[in-house]
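Q: Following the hints, position chain B against chain A.
Take a look at the letters that make up each chain.
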Amino acid sequence: MKLVVAAIKPFKLEDVKESLEGLGIQGMTVSDARGYGRQKGHTEVYRGAEYQVDFIPKLRLEVVVDDDQVDEVVKAITDGAGTGTIGDGKIWVVPVEQIVRIRTGEKGSDAL
Amino acid sequence: MDTGDTAFILVSTALVMFMTPGLALFYGGMVRAKNVLGTIMQSFFALGIISVLWVLVGYTLSFGPDKGGLIGSLEWLGFSGVGQEPNADLAATIPHILFATFQMMFAVITPALITGAFAERIKFSGYVAFMAGWLLLVYAPVAHWVWAPGGWIRELGALDFAGGTVVHINAGIAALAVILVVGKRRGFGKEAMIPHNLAMTILGTGVLWFGWFGFNAGSALGANGLAASAFLATNLGAAAGALGWAIVDATKEKRSTSLGIASGAVAGLVAITPAAGFVGPAAAIAIGLGGGIVCAWAVGLKFRLGYDDSLDVVGVHMVGGIVGALLTGVFADAAINSAGVDGLFAGGGAALLGKQFIAVGVTLVYSFAMTFGLAKAIDAVIGLRVTEEEEITGLDLTQHSEAGYVFGEGSGGIAHPAPAPGATPVAVPHGAAITEGGNVR
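Protein chains in written order, with the numbering used here: chain A, 1 to 112; chain B, 1 to 441.
Be careful, since some hints might not be right.
Straight-line Cα separation of at most 25 Å, PhoX-like style, residue types lysine-lysine; simulated pairs [as the list claims (entries may be wrong)]:
id, chain 1, residue 1, chain 2, residue 2
1, B, K355, A, K40
2, A, K2, A, K12
3, A, K9, A, K75
4, A, K40, B, K376
5, A, K2, A, K107
6, A, K107, A, K12
7, A, K40, B, K190
8, B, K355, B, K67
9, A, K75, A, K2
Since the hints were made in silico from the structure, they are not lab data.
Chain A with its partners taken away, still in its complex shape (with noise of 0.2 Å):
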């Protein structure tokens, strides 16, 4: 199993959730993030005097996923995501050891 991570721009969960459910995904957890990559931040003024503000919010999108679904459902990610311009994110792909139902005590592959 694999644990995929992206962080995405905020407005585009909708169309990624979208597409992970196009595969069959069962679930994800979402949650608010700063950060920046070669984008950067962006500037803002306040009565004229202006701040360089680095770290800008992103989501931070948590998925586990069979080994073979990784490359699908990285490009799915990729596709919803994607605008084509600075600042779209980045996947990473983790290896993850085990994986439990709290409920039902199930373990691995059942238990996603």
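A: Here is chain B on its own, set in the frame of chain A:
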């Protein structure tokens, strides 16, 4: 006594009272989230401190029977002799007690204005002492000079319809004096100190604008044509101020900002305050525009000169107040108000302008010197500034043991109800019940 006038000033008094919570929102939105309650309290609690002090001693010092043009006598201590009958010298058609209460609301908001300058770094105890001391040592004498019968600036013939000098210049220069004693916030000029909720600030601006009708139109002390004229001038001052600041923003920053428009409205209101009852609509627009444009420039001075006026009290109230006081000398028109005189553009020559200069200069010098001394004294005796750790943690938790924003379930803390009589109090580690596992930001 006139029932129409009385009804109008009763309502105006309530309108001016409402400005202080409006100011609390205006300032509260501009600070960082960890200081929102502390900042709101510094405006809001002025209603508590000053209302009481005003009745006890503030009013008689300000408006009591004149002593040498400098101060009121103690004859009306505790509002004794301030009754339901009008006082012909102060306001002939409304109860004396109503005039005194109307003035109470001005006395409340003036020191509250100063608090924006030292926002985010002041001890609550030091703040309370400062408010009380400032009312008696600075506000009361200046209000007496400018407004009370026999006061020397009033006798000189300088004009201040609703408080450009007494309220705004006075508070603005005092703000400069006190921040020179208190010093800069940690990280000023290096860290971004970004307003945490400008929607709150804009709502506060709206409340201020609304309340200002009581402040300016109410200063006619009657429900009459002059009040209507001042009412319109007030709205035009705010509108043109917002316009002026927006133009500066759009020129300099290539876009207009909501904080700029809110600040411009307040700057325009400040500028029109001394002139509201002496000028017509065209002059009101000119004065508001002048206030908005000049203040938009003046708020940048703190970075160049290196003083930390957190929320721009100097740049908006002192500078806007001076713009308004001097332009009153230019635009005042005796045709609008027979109690006024003609200014420069109304054919009255430079005489009024000269008197306006004197009133402004004397207020700047007196208020700065007294406030600086008062702040030094309070700093030495009880301390004005919070510790470094308290400043970093924020005023809300360290000064009030509260959080302005609690997210999620608001849980994470364990309730420690007050112990029953005779029971041993539960020891709570400092701050632990509030912050541990909670969502306090």
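Q: Does each hint fit the structure? Answer for all of them.
A: Evaluated hints:
Proximity of B/K355 to A/K40 is assessed by CA-CA distance (about 55 Å); at most 25 Å being required, the pair is judged violated. Proximity of A/K2 to A/K12 is assessed by CA-CA distance (about 23 Å); at most 25 Å being required, the pair is judged to hold. For the given pair, A/K9 sits about 16 Å from A/K75 by alpha-carbon distance, which is consistent with the 25 Å threshold. In summary, the hint linking A/K40 to B/K376 is not supported, as the alpha carbons are separated by about 45 Å, beyond the 25 Å threshold.
About 14 Å separates the Cα atoms of A/K2 and A/K107, which keeps this hinted pair within 25 Å; it holds. The hinted pair formed by A/K107 and A/K12 fails the criterion: a straight-line CA distance of about 32 Å is larger than 25 Å. Restraint check for A/K40 and B/K190: satisfied, since their Cα atoms lie roughly 19 Å apart, inside the 25 Å limit. Using a Cα cut-off of 25 Å, the hinted pair B/K355 and B/K67 holds, with the two alpha carbons roughly 22 Å apart.
Of the supplied pair hints, the one linking A/K75 and A/K2 holds, its CA atoms being roughly 15 Å apart against a limit of 25 Å.
Of the numbered hints given earlier, the model fails hints 1, 4, 6; all others are met.
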